[in-house]
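Visitor: For reference, the chains in residue letters:
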Amino acid sequence: MTNIASTGRARAGRARGLSTKAAVHTVLLGYTIIAIFPVILVILNSFKNRRGIFSDPLGLPRGETFSMEGYATVLTQGDFATYFANSIIVTVSALFLILLLGAMAAHALAEYRFRLNTLLGIYLILGIMVPIRLGTVAILELMVDLNLVNTLLALILVYTAQGLPVAVFILTEFMRTLSRDIKDCARVDGLSEYRIFFEVVVPLIRPVLATVAVFSMIPIWNDLWFPLILASGDATKTVTLGVQQFIGQYTVNWSAVLASLSIAILPVLGLYALFSRQLIAGITSGAVKG
Amino acid sequence: MSEATTEQEKTAREAKPPKRRKRRVGGGWHIFVFIAPAVLIYTIFSIYPLVESLRLSLFDGLDDGSAVWNGLGNYVTLLFNPTWATQFWNALWNNLILFFIHMVVQNPIGLLLAALLSLAPRFGSTYRTLIFIPTLLSVVVVGFIWELILSPLWGVSETLLGAVGLAWLYQPWLGLESTALTTVSLISVWQYVGIPMMLIYAALLSIPDELIDAARVDGLNGWWIFWKVKLPLILPTLGIVAILTYIGNFTASFDLIYSIQGALGAPNYSTDVMGTLLFRTFFGQQLQIGDIHMGATIASMMFFIILIGVTIYLVLVQRRLQRYEM
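Residue numbers (my numbering), protein chains in the order written: chain A, 7 to 296; chain B, 4 to 329.
Don't take every hint at face value.
To be verified - Estimated spans, in silico, between C-beta atoms of each pair:
| no. | chain 1 | residue 1 | chain 2 | residue 2 | range |
| --- | --- | --- | --- | --- | --- |
| 1 | A | Asp-151 | B | Gln-174 | 48 to 56 Å |
| 2 | B | Glu-213 | A | Leu-197 | 38 to 46 Å |
| 3 | B | Leu-214 | A | Gly-23 | 37 to 45 Å |
| 4 | B | Val-107 | A | Thr-88 | 40 to 48 Å |
| 5 | A | Arg-68 | B | Gln-174 | 42 to 50 Å |
| 6 | A | Leu-152 | B | Val-313 | 24 to 32 Å |
| 7 | B | Glu-213 | A | Ala-28 | 28 to 36 Å |
| 8 | B | Asp-66 | A | Asp-62 | 56 to 64 Å |
No lab work stands behind these hints, which were simulated from the structure alone.
On a predicted model such as this, the values are computed, not experimentally measured, just so you know.
Virtual Cβ for every residue (Gly too), placed ideally from N, Cα, C.
Chain A on its own, in the form it takes in the complex (with noise of 0.2 Å):
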């Protein structure tokens, strides 16, 4: 795709004039700046006391204006350390659920003919439409009578049961582009269909395995509405609702309401910085399949 683009880019490069090179630049920037600015703007504030960011919102914290009070105040008064790691521990579950429960969905359904293939596929992929909430009455009368209320156990399920059609849907896509020869080679060896799927099929889509992942995570970890319904305990916080508690506490501490979203923000952007190539390739491929 790299290519292709940079084909195009040189030609287009060549075609236009400058003045549309120029305008073109002012709208992307323009709005690239109107995108960021009010995340720099949180994160810069975070920095500063009460003075600075009330008579200098603008400005870049300075010596006198400069402050890690906020940050002090949400590391003692919240419980962010019990917040993030119940964030990590549901969000990091949920990907291994999905990608391996729907990986091993999508290779029986790429990989082998029987009745109920096709309907059984359609059924899988329903819920790209249908959003999982709608059924949340029943999920809490369901976590109820389970006894997982209050648990990350509950939140666990309910977003492996939300993120697998998409993950179902684009792997199922993806391993049917797969090559046959490479997997009748491994049953010539006598190869167990597990085996097959685990030592062959899975090293082959390790790529798209990593683009469903990043693709499903940022749901689960931004999630409010599941937190809120199902685990909404101090023990099972999780960070998006002990943000949004918090600042509901806190509303009059403007340093620590800065400090505790930047808290929420910083990681997101930090792996955002580490995976985005891999996260637009997978938009993008999944558009142009999609």
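Please arrange chain B on chain A, whose structure you already have, making use of the hints.
Guide: Just chain B, lined up with the frame of chain A:
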């Protein structure tokens, strides 16, 4: 056994069109082992709750905790009982306004940005990466960021408007009944514009260069190539963007509005949407006691409303759009 398998395999091969790849013939436990866990979790935690919600919406709760068959009674209450109907239509109307604002602001901006990015300017990938940042953030975080920025206490918006001589324009937009919903919608647009941008950008990239070259040979300039060649080719993607916007509008709006305006859709229900109405009805708020059956009814109504949208999309939009195949 093995003979039967080869026989099946043969017929399967013959039955399939030659272009499609041959797939291994089924039978055997491994298929079940591969597919059962996903189907099980998905059925228990996604499909069953949905069906159960539909069932619950047909019952009415009694004071002793038992439920009694009520047919479509709950739906009649929701649509025609003055207290419920006012809230329902208000929430649905607000959702439709939200959808409308996303369609006329978010998606055109996304299209514009994608079109510019597809011209492959220098730093294109940097612009793309940065513009996508808000989409990654939690809706809660985004809500609070904008609540702070728009707050009259902090005065950042006033200062910025003042810098371009527009300070008089400033109002506490989130707090006014007349502007709250539009402001919330625009915040959501700011957050999610990256998604249509990426989807449309990818679609534009997948248009083969030969088509563009042919158009250029025919004497069309960049602007006309976009309107006459590229835009018709990416119509299916625009259709996908529209239906994603429609579905997302019923789910994502809850997080933002609950964070900024609370479960009551403040000020004075002017930002109340189906999501907040469902939350309030199910869990109760202030003097109102939580009601499972009315909650299930509202969720089911959302289901039907989404279903109507998806059906319109599938029947009217997608069928008429010819998908371009590489």
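Visitor: Hints first: check each against the structure and report whether it holds.
Guide: Against the structure, the hints come out as follows:
1. A:Asp-151 to B:Gln-174: 48 to 56 Å: Holds, at about 49 Å.
2. B:Glu-213 to A:Leu-197: 38 to 46 Å: holds (44 Å)
3. B:Leu-214 to A:Gly-23: 37 to 45 Å: violated (23 Å)
4. B:Val-107 to A:Thr-88: 40 to 48 Å: holds (43 Å)
5. A:Arg-68 to B:Gln-174: 42 to 50 Å: violated (32 Å)
6. A:Leu-152 to B:Val-313: 24 to 32 Å: Given about 31 Å between the Cβ atoms, the range holds.
7. B:Glu-213 to A:Ala-28: 28 to 36 Å: With Cβ atoms ~29 Å apart, the hint holds.
8. B:Asp-66 to A:Asp-62: 56 to 64 Å: holds (60 Å)
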